[in-house]
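Start from the sequences, fold in the hints, and give me the full structure.
The chain contents come next:
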Amino acid sequence: MSNYLLVIIIFCYLAVLFYIAFIAEKNAKSKWVNNPYIYTLSLAVYCSAWTYYGSIGTAANSGVDFLPIYLGPAIAVPLWIILLRKIIRISKQHKISSIADFISLRYGNNRFLGALITVLCITATVPYISLQLKAVADTFAIMTNEPHPIGLGMFDDSTFYIALILAIFATFFGTQATDASEKHKGIVTTVAFESLLKLTFFLIIGVYVTYYLFDGTEDIYNKISAEANFDSLNKLPTLESGFNWFFMLMLSFTAIFLLPRQFQISVLENSREKHLKKAIWMFPLYLLLFNIFVIFIAWAGKLTFGENANAEYYTLLLPLNSGHTFLALLVFLGGFSAVISMVVVSTLALSKMISNNLIIPYGFLDKFIKAKPEENALYIKNIRRISIFTVIILAYFFYNNFSIELSLYSIGLISFVIVAQLAPSFFIGLFWNRGSSLGSILGIILGFAISTYTLILPFTIEAFTGGSEFTDLGLFGIAALKPYALFGIDFLSPPAHAFFWSLSANILCYLTISVAFKGHYRERNYAEMFVDSKNYSSLQDNALVWKGEAYVADIKNVLTKFLGEARTQRALLLFFKKYHIPSDTQMADARLINFSEKLLTGSIGGASAKILIAGVVKEQEISLTEVLKILEESKETISSNKALQEKSIELTDLTGKLKEANEELIVKDKQKDEFLDTVAHELKTPITGIRAASELLMDENDDMPPEIRQTFLKNIVSDSDRLSRLINNILDFEKLSTGRQQLNLKKHNIQKTLKKAIGNIQHIAAKKEIKIVNLNSFNFELPYDEDRILQVLTNLLSNSLKFCEPEKGVITLDYKLGNNCIEVYVKDNGKGIPDEDINYIFDKFYQSKNQNTIKPQGSGLGLAISKQIIEKHNGRIWLEKGVKVGSTFGFKLPFN
Amino acid sequence: MKMKKILIVDDEPNIVMTLEYAFKKKDFEVYIARDGGEAMHILETSIPDVVLLDIMMPNVDGYQTLEHIKKNDALKNTKVVFLTAKNKISDIEKGLKLGADKYLTKPFSIKKIVSEILGLLN
Numbered sequence: 001m002s003n004y005l006l007v008i009i010i011f012c013y014l015a016v017l018f019y020i021a022f023i024a025e026k027n028a029k030s031k032w033v034n035n036p037y038i039y040t041l042s043l044a045v046y047c048s049a050w051t052y053y054g055s056i057g058t059a060a061n062s063g064v065d066f067l068p069i070y071l072g073p074a075i076a077v078p079l080w081i082i083l084l085r086k087i088i089r090i091s092k093q094h095k096i097s098s099i100a101d102f103i104s105l106r107y108g109n110n111r112f113l114g115a116l117i118t119v120l121c122i123t124a125t126v127p128y129i130s131l132q133l134k135a136v137a138d139t140f141a142i143m144t145n146e147p148h149p150i151g152l153g154m155f156d157d158s159t160f161y162i163a164l165i166l167a168i169f170a171t172f173f174g175t176q177a178t179d180a181s182e183k184h185k186g187i188v189t190t191v192a193f194e195s196l197l198k199l200t201f202f203l204i205i206g207v208y209v210t211y212y213l214f215d216g217t218e219d220i221y222n223k224i225s226a227e228a229n230f231d232s233l234n235k236l237p238t239l240e241s242g243f244n245w246f247f248m249l250m251l252s253f254t255a256i257f258l259l260p261r262q263f264q265i266s267v268l269e270n271s272r273e274k275h276l277k278k279a280i281w282m283f284p285l286y287l288l289l290f291n292i293f294v295i296f297i298a299w300a301g302k303l304t305f306g307e308n309a310n311a312e313y314y315t316l317l318l319p320l321n322s323g324h325t326f327l328a329l330l331v332f333l334g335g336f337s338a339v340i341s342m343v344v345v346s347t348l349a350l351s352k353m354i355s356n357n358l359i360i361p362y363g364f365l366d367k368f369i370k371a372k373p374e375e376n377a378l379y380i381k382n383i384r385r386i387s388i389f390t391v392i393i394l395a396y397f398f399y400n401n402f403s404i405e406l407s408l409y410s411i412g413l414i415s416f417v418i419v420a421q422l423a424p425s426f427f428i429g430l431f432w433n434r435g436s437s438l439g440s441i442l443g444i445i446l447g448f449a450i451s452t453y454t455l456i457l458p459f460t461i462e463a464f465t466g467g468s469e470f471t472d473l474g475l476f477g478i479a480a481l482k483p484y485a486l487f488g489i490d491f492l493s494p495p496a497h498a499f500f501w502s503l504s505a506n507i508l509c510y511l512t513i514s515v516a517f518k519g520h521y522r523e524r525n526y527a528e529m530f531v532d533s534k535n536y537s538s539l540q541d542n543a544l545v546w547k548g549e550a551y552v553a554d555i556k557n558v559l560t561k562f563l564g565e566a567r568t569q570r571a572l573l574l575f576f577k578k579y580h581i582p583s584d585t586q587m588a589d590a591r592l593i594n595f596s597e598k599l600l601t602g603s604i605g606g607a608s609a610k611i612l613i614a615g616v617v618k619e620q621e622i623s624l625t626e627v628l629k630i631l632e633e634s635k636e637t638i639s640s641n642k643a644l645q646e647k648s649i650e651l652t653d654l655t656g657k658l659k660e661a662n663e664e665l666i667v668k669d670k671q672k673d674e675f676l677d678t679v680a681h682e683l684k685t686p687i688t689g690i691r692a693a694s695e696l697l698m699d700e701n702d703d704m705p706p707e708i709r710q711t712f713l714k715n716i717v718s719d720s721d722r723l724s725r726l727i728n729n730i731l732d733f734e735k736l737s738t739g740r741q742q743l744n745l746k747k748h749n750i751q752k753t754l755k756k757a758i759g760n761i762q763h764i765a766a767k768k769e770i771k772i773v774n775l776n777s778f779n780f781e782l783p784y785d786e787d788r789i790l791q792v793l794t795n796l797l798s799n800s801l802k803f804c805e806p807e808k809g810v811i812t813l814d815y816k817l818g819n820n821c822i823e824v825y826v827k828d829n830g831k832g833i834p835d836e837d838i839n840y841i842f843d844k845f846y847q848s849k850n851q852n853t854i855k856p857q858g859s860g861l862g863l864a865i866s867k868q869i870i871e872k873h874n875g876r877i878w879l880e881k882g883v884k885v886g887s888t889f890g891f892k893l894p895f896n
Numbered sequence: 001m002k003m004k005k006i007l008i009v010d011d012e013p014n015i016v017m018t019l020e021y022a023f024k025k026k027d028f029e030v031y032i033a034r035d036g037g038e039a040m041h042i043l044e045t046s047i048p049d050v051v052l053l054d055i056m057m058p059n060v061d062g063y064q065t066l067e068h069i070k071k072n073d074a075l076k077n078t079k080v081v082f083l084t085a086k087n088k089i090s091d092i093e094k095g096l097k098l099g100a101d102k103y104l105t106k107p108f109s110i111k112k113i114v115s116e117i118l119g120l121l122n
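Chains as they are written, first to last, in the UniProt record's numbering: chain A, 1 to 896; chain B, 1 to 122.
These are calculated hints, taken from the structure and not from any lab test. All values reported here derive from a predicted model rather than from experimental measurement. Where a beta carbon is used, it is the ideal one built from N, C-alpha and C, also for glycine. A few of these clues could be false.
[Unchecked claim] Covered stretches of chain B, going by a simulated chain A footprint (3 or more residues, C-beta under 8 Å):
# : segment
1 : 94 to 102
2 : 108 to 120
[To be verified] Simulated crosslink set (BS3-like; lysine-lysine; CA at most 25 Å straight-line):
# : chain 1 : residue 1 : chain 2 : residue 2
3 : A       : Lys223    : A       : Lys29
4 : B       : Lys94     : A       : Lys672
5 : B       : Lys4      : A       : Lys684
6 : A       : Lys670    : B       : Lys97
Here it is in structure tokens:
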């Protein structure tokens with residue numbers, strides 16, 4: 001393909017990207033731009049040219065070793081719901097604009113830490129960008145079939161111009177707003193679009209290679225497994241390679257959080273937290289799709305070209321080899337997309353760090369204070385623009401000097417290892433409030449130094465001197481200091497080895513220093529705010545402890561310099577309204593100081609904001625005792641709150657119990673009322689009879705027929721009997737149910753008691769010609785109150801008599817020994833008790849409807865009293881269910 | 001003059017006996033029922049001038065009996081008098097609300113009952 005044609009295609013493609021970015025910026029509020037799919041796709045900025053080309057190279061040379069780089073993020077993604085959500089909330093609250101801002105804010109807005117992180121990120125990102133340039137240059141050469149001459153003057157090198165175009169694109173869309181915490185919808189949308197393209201093209205080439213050039217996966221596998229060294233490539237045979245895998249997983253795990261471009265996209269460009277929910281399964285799916293064909297393309301390339309081609313570019317070489325130039329062009333554009341998104345997002349993220357964390361806090365502040373607001377905004381933008389260009393030019397020089405020797409894959413890993421040095425300060429700092437800025441700074445420096453020694457230095461020295469004594473023999477020839485085998489650990493791959501040593505030292509240093517030296521109170525204040533996960537959703541301006549003197553007018557002046565008159569007025573108005581402060585207040589309080597710092601952070605970074613504000617206020621060092629007092633007070637409030645809460649729970653419990661008791665009382669009261677009602681009614685009935693009969697007898701003594709008089713007199717006697725029986729029963733029942741009736745327990749013979757009971761009732765039975773049969777004649781002794789049990793038996797027997805028909809009735813008495821008790825049965829062949837009555841039969845004053853006598857002669861208390869008596873003996877009384885003829889009552893008495 | 005008819009509904013035979021005697025002496029034609037069911041049965045064939053009705057009875061109680069009487073058009077001129085041991089104000093209100101013409105309580109004076117009934121009928 002001709003040089004010029006390819007350049008024209010590239011320009012057309014870039015024009016499309018510009019157009020998409022432009023449209024997206026214009027419709028920044030539309031749902032086409034703000035949805036979880038765009039968010040997820042933009043996350044795939046992770047898959048740069050390194051993935052697109054490099055992983056095939058690794059797969060061809062080292063087998064499945066390319067996988068951990070994608071497994072790490074896949075493992076990390078489920079954690080996003082907890083971790084990333086917290087990070088996003090904190091970042092939004094504090095108008096964080098980069099990972100340097102985020103970490104330095106956690107450690108008390110430490111200016112040096114922010115700068116250190118920025119330098120570290122530049123060091124990590126520049127080689128990474130150079131890797132992208134290398135990929136573009138290499139593939140451009142392959143496509144045009146012209147060997148790419150490296151080391152030309154840069155103005156003769158097409159790669160340089162491509163780098164410039166990328167810089168222009170990033171500048172145009174990355175520096176539109178002064179406030180760096182603003183979103184970049186245009187860039188995010190193009191990144192998402194490019195992610196879609198690169199995946200599609202990669203899948204197309206995968207299908208093409210696997211199913212068109214070869215006969216499917218099985219065909220490739222069969223052919224490649226015939227090759228000599230196949231087995232050693234595609235297995236994990238040893239413990240050492242297991243370690244390698246583990247460290248590579250950890251490495252990519254940290255990278256997905258810490259790479260500046262990932263932080264930019266996943267945290268700062270996140271418009272809605274709920275997008276995370278879709279991303280946690282779609283992003284791993286994206287990575288999976290990207291990796292499906294890697295191994296097959298690698299094998300296919302190996303089969304086709306043997307050792308004669310750069311395996312990293314098999315995706316281009318395979319279609320070109322078969323004359324399918326158009327397919328190769330698609331692949332090239334996919335790779336180009338990967339490059340653009342990575343470079344643009346990375347430089348955007350870096351430029352903000354360089355301006356807000358490096359340049360402004362270290363030198364430009366004085367100038368800003370003197371300048372006019374419009375000039376300040378322009379200054380800030382220009383600093384960022386220059387930063388973007390500088391980073392890309394730096395990357396170009398790195399590419400020109402080093403990248404000939406290094407593969408894409410190894411450059412990528414260097415970046416990962418460097419950026420991983422932020423992990424302890426970042427992850428541990430989120431959950432451990434003791435982590436201090438000193439620990440963080442020293443940890444990062446130490447880790448960075450070790451990774452430089454074990455990873456960067458060896459190839460740098462080799463690149464400049466051409467010799468490998470340093471690598472092979474170690475520093476000053478000391479074997480323990482061999483950069484790739486520190487202290488004899490020689491089984492790890494260089495990146496895994498560097499990662500292991502640098503991070504171990506980093507963590508250890510961070511922890512020990514943090515434990516040994518407590519941070520400044522201000523720093524601890526921020527730490528508390530980051531760590532306290534309950535508060536981060538409602539972080540308030542007064543969450544920070546601050547003491548000092550400041551005039552509102554001074555602060556307003558500073559704000560105006562950066563935000564302009566109108567924005568400052570509006571912001572302060574909102575602030576005064578929110579806290580109900582009169583707008584003519586003279587002295588600023590802690591809330592206004594914190595609020596203003598936050599406002600400025602977006603434009604110039606946290607560290608600079610702090611310095612600026614500090615310039616106009618007279619902050620007083622808070623003494624340790626005062627901090628302690630403040631902490632003590634808040635602790636007291638918390639603990640008294642807790643105590644109150646406990647008390648209130650206790651009270652609620654008590655109230656519940658009282659309510660229950662009250663309800664019980666109401667029920668009892670109602671029962672008592674009902675009982676009294678019924679007693680009254682039952683007593684009134686015989687009294688009514690007596691009174692009415694007496695009245696008649698009195699009035700009409702003379703002309704009343706003697707037989708009627710006789711009947712009335714007889715009625716008076718029977719009503720009186722009924723009355724006294726009733727009174728006795730009521731008294732019995734009350735005594736039993738209130739527990740005042742004591743049992744007179746003595747050993748008795750149950751047989752004798754049964755006979756006595758029959759004797760008591762025999763005359764009535766004889767009158768009605770009802771038979772009473774005692775089935776069991778054995779003697780058995782057990783302790784009970786005989787008078788009471790006799791009462792029960794008489795009761796049951798007279799009940800049966802009531803239910804039986806005269807002449808035909810038979811009542812059977814029986815008893816048997818049960819489990820540690822004796823069971824007595826009274827059975828009759830009377831009318832029986834209807835099922836609906838069974839449940840109530842032992843209730844007081846309940847009288848069954850099926851009685852034979854015209855009017856029940858009982859008091860309605862008989863069975864209730866019997867139940868009380870038996871239960872007092874620890875026994876049980878019941879009516880057998882499902883009896884067809886008559887009814888059967890049973891009760892049991894325990895032996896002891 | 002035609003004989004007045006009275007239906008006494010009560011499950012206590014001793015009480016019924018005294019009432020029966022007293023009303024017969026005043027030249028009433030006396031019908032007796034031991035519960036609501038029997039009362040309804042009697043009311044199918046005869047239309048008394050007044051029904052003297054107990055409330056707490058087995059099977060069909062006094063309230064149900066009163067409702068039955070109120071529903072029957074043939075009995076619209078029949079007076080209903082409750083005679084019961086239930087003497088709470090709420091009980092009395094309930095009885096009158098259901099449409100009883102009088103509410104008398106037990107224990108009672110026979111003389112008073114007779115005069116109340118006579119007063120009601122004139």
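Problem - Cβ contact check, 8 Å cutoff: the segment 94 to 102 of chain B against chain A, three residues minimum - result: violated (count 0)
Problem - Given pair status - Lys97 of chain B, Lys670 of chain A, alpha carbons within 25 Å - result: 24 Å, holds
Exercise for the section: Please work out if Lys4 of chain B and Lys684 of chain A have their alpha carbons no farther apart than 25 Å. Expected result: 29 Å, violated
Exercise for the section: Assess, step by step, whether the Cα of Lys223 of chain A is no farther than 25 Å from the Cα of Lys29 of chain A, and give holds or violated. Expected result: 53 Å, violated
Handout entry: Pairwise hint evaluation, Lys672 of chain A against Lys94 of chain B, where the allowed Cα distance is 25 Å at most
Key = This hinted pair holds, its Cα atoms lying about 22 Å apart.
Problem - Per-stretch coverage check for the segment 108 to 120 of chain B, three Cβ contacts closer than 8 Å to chain A - result: With 4 residues close enough to chain A, the hint holds.
Violated hints, listed in ascending order, are 1, 3 and 5; each of the other numbered hints is respected by the structure.
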